[in-house]
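Let the hints inform the model, and build the full structure from the sequences given.
As given, the protein sequences belong to chains A and B, one line each in that order.
Every letter in the first sequence is one number past the one before it in our numbering, and letter 26, counting from 1, is 26.
Counting the second sequence from 1 gives a position; our numbering is that position plus 1000.
Calculated directly from the structure, the hints in this document are not laboratory data.
Warning: the hint list may mix true and false statements.
The calculated lysine to any residue pairs, modelled on SDA-like cross-linking and capped at a C-alpha distance of 20 Å, are [as the list claims (entries may be wrong)]:
(1) B:K1013 with A:S113
(2) A:K119 with A:V48
(3) A:K14 with A:D44
(4) B:K1007 with A:F128
(5) B:K1090 with B:R1063
(6) A:K118 with A:T15
(7) A:K71 with A:V48
(8) A:K108 with A:H126
(9) B:K1007 with A:D54
(10) A:K118 with B:I1051
(11) A:K118 with B:S1094
(12) A:K118 with B:V1016
(13) B:K1007 with B:V1024
(14) A:K118 with B:T1038
(15) B:K1090 with A:H126
(16) B:K1007 with A:V48
(17) A:K92 with A:L60
Listed next, with one range per pair, are the computed distances between beta-carbon atoms [stated by the list, open to error]:
(18) B:S1042 with A:A42: 42 to 48 Å
(19) A:L38 with B:D1078: 33 to 39 Å
(20) B:V1092 with A:R114: 17 to 23 Å
(21) A:A106 with B:Q1075: 31 to 37 Å
(22) A:H126 with B:Y1079: 17 to 23 Å
(23) A:V97 with B:P1040: 32 to 38 Å
(24) B:A1048 with A:I36: 30 to 36 Å
(25) B:S1042 with A:C29: 27 to 33 Å
(26) A:D116 with B:E1072: 42 to 48 Å
(27) B:E1072 with A:D44: 46 to 52 Å
(28) B:D1066 with A:D78: 51 to 57 Å
(29) A:E66 with B:G1081: 33 to 39 Å
Where is the CB? At the ideal position from N, CA and C, for every residue including glycine.
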Amino acid sequence: MNLIGTLPLVLDVKTLFFIINKGLQGNVCGQEFLDIILMAAAFDQKVVVLFEGDGVNALLKNQQPECLNLKNMMPVLDTLPVYDINDVIVEKESMEVYGLTENELAIKAAVVSRSDIKKQLRSADHLFGF
Amino acid sequence: MLYIVNKKGEVLKDCVERLTSHDVILLIEDAVFAAVKTSPSSVVSTLASDISVYALRADMKARGLDAQRCYERIQYVDYAGFVELVENNKPVRSCF
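Below you can see the structure in the form of structure tokens.
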């Protein structure tokens, strides 16, 4: 049987939402989650990364996890555009809870309201959290 | 949209804050404690009437909880029902 002939020529592209709603320093899950995001993008899926709840703090400048011998995630977040991940959104309400403004964020991200985020989530194929 | 929650407290609260009309919430693992009427977490009683609330029967049974102690609005599903909820309410968000 000719296997090549049965494979689809173009990979079915899905919209995948990756939701970061907690700090990335607490355990290894945050680091693993970022790896999954990059992997999904490497497989040419449409990736959207959403920061909400405590997760908005993962975008703060001046994080120094090295003082706890933890890996700094900022270089990974900086590489998102390299992986063609340009849809990075932050929930407006969560930013307000922590009193954050857009210029306090370390990477470029769109500030979107909870209700508009919900509309986007509804049209997604899969939602991932950790 | 279906929200699967496995803890009460902050996790459940964050999830409930983001529910909108006709969303479905499924309580599994330790989140089933929130189904009990006298539970300190009263979020289930504050949900709008167009939100469907389900609890996983196996997790209730494992913890010795029976439906009589729980809010009347809660519906119960077994694993087959769980799969049906997933199939009928895409996309699914797991809140852990």
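Okay, the hints, checked on the actual structure:
With a C-alpha separation of about 18 Å, the suggested pair K1013 of chain B and S113 of chain A falls inside the 20 Å cut-off, and the hint holds. Distance hint between K119 of chain A and V48 of chain A is fulfilled; the C-alpha atoms sit about 13 Å from each other, no more than 20 Å. Restraint check for K14 of chain A and D44 of chain A: satisfied, since their Cα atoms lie roughly 9 Å apart, inside the 20 Å limit. Restraint check for K1007 of chain B and F128 of chain A: satisfied, since their Cα atoms lie roughly 17 Å apart, inside the 20 Å limit.
For the hint pairing K1090 of chain B with R1063 of chain B, the CA-to-CA distance comes to about 29 Å; that exceeds 20 Å, so the pair is violated. Of the supplied pair hints, the one linking K118 of chain A and T15 of chain A holds, its CA atoms being roughly 14 Å apart against a limit of 20 Å. Of the pairs offered as hints, the one joining K71 of chain A and V48 of chain A is violated, with about 23 Å between alpha carbons and a cut-off of 20 Å exceeded. Pair hint K108 of chain A plus H126 of chain A does not hold up; C-alpha atoms about 24 Å apart against a cutoff of 20 Å.
Using a Cα cut-off of 20 Å, the hinted pair K1007 of chain B and D54 of chain A holds, with the two alpha carbons roughly 17 Å apart. The straight-line distance between the Cα atoms of K118 of chain A and I1051 of chain B is roughly 15 Å, inside the 20 Å bound, and the hint therefore holds. Of the pairs offered as hints, the one joining K118 of chain A and S1094 of chain B holds, with about 15 Å between alpha carbons and a cut-off of 20 Å not exceeded. Taking the CA atoms of K118 of chain A and V1016 of chain B, the gap is about 13 Å. The hint holds against a cut of 20 Å.
Pair hint K1007 of chain B plus V1024 of chain B holds up; C-alpha atoms about 16 Å apart against a cutoff of 20 Å. Only pairs whose Cα atoms come within 20 Å are accepted, and K118 of chain A paired with T1038 of chain B is rejected, the gap being roughly 31 Å. Taken as a hint, the K1090 of chain B and H126 of chain A pair is honoured in the structure, with Cα atoms around 8 Å apart against an allowance of 20 Å. For a cut-off of 20 Å, the pair hint linking K1007 of chain B to V48 of chain A is broken: about 26 Å separates their Cα positions.
Taken as a hint, the K92 of chain A and L60 of chain A pair is honoured in the structure, with Cα atoms around 15 Å apart against an allowance of 20 Å. Checked against the given bound of 42 to 48 Å, the beta carbons of S1042 of chain B and A42 of chain A, roughly 45 Å apart, stay inside it. A hinted range of 33 to 39 Å for the beta carbons of L38 of chain A and D1078 of chain B is consistent with their spacing of about 38 Å. Between V1092 of chain B and R114 of chain A the Cβ separation comes to about 19 Å, which falls inside the hinted range of 17 to 23 Å.
About 44 Å separates the C-beta atoms of A106 of chain A and Q1075 of chain B, a value inconsistent with the hinted range of 31 to 37 Å. One distance hint, 17 to 23 Å for the beta-carbon pair H126 of chain A and Y1079 of chain B, holds here, with the actual separation near 21 Å. Checking the proposed 32 to 38 Å range against V97 of chain A and P1040 of chain B shows it is violated: the Cβ atoms sit about 23 Å from each other. In this structure the supplied range 30 to 36 Å holds for A1048 of chain B paired with I36 of chain A, their Cβ-Cβ distance being about 33 Å.
Judged by the Cβ atoms, the range 27 to 33 Å given for S1042 of chain B and C29 of chain A holds: they are separated by roughly 30 Å. The hint said 42 to 48 Å for the Cβ distance between D116 of chain A and E1072 of chain B, and at roughly 34 Å that hint is violated. Remark: the range hint 46 to 52 Å for E1072 of chain B to D44 of chain A is upheld by a beta-carbon distance near 48 Å. Our hint of 51 to 57 Å for D1066 of chain B and D78 of chain A holds, since their Cβ atoms are close to 53 Å apart.
Between E66 of chain A and G1081 of chain B the CB atoms are about 48 Å apart, so this pair departs from the stated range of 33 to 39 Å.
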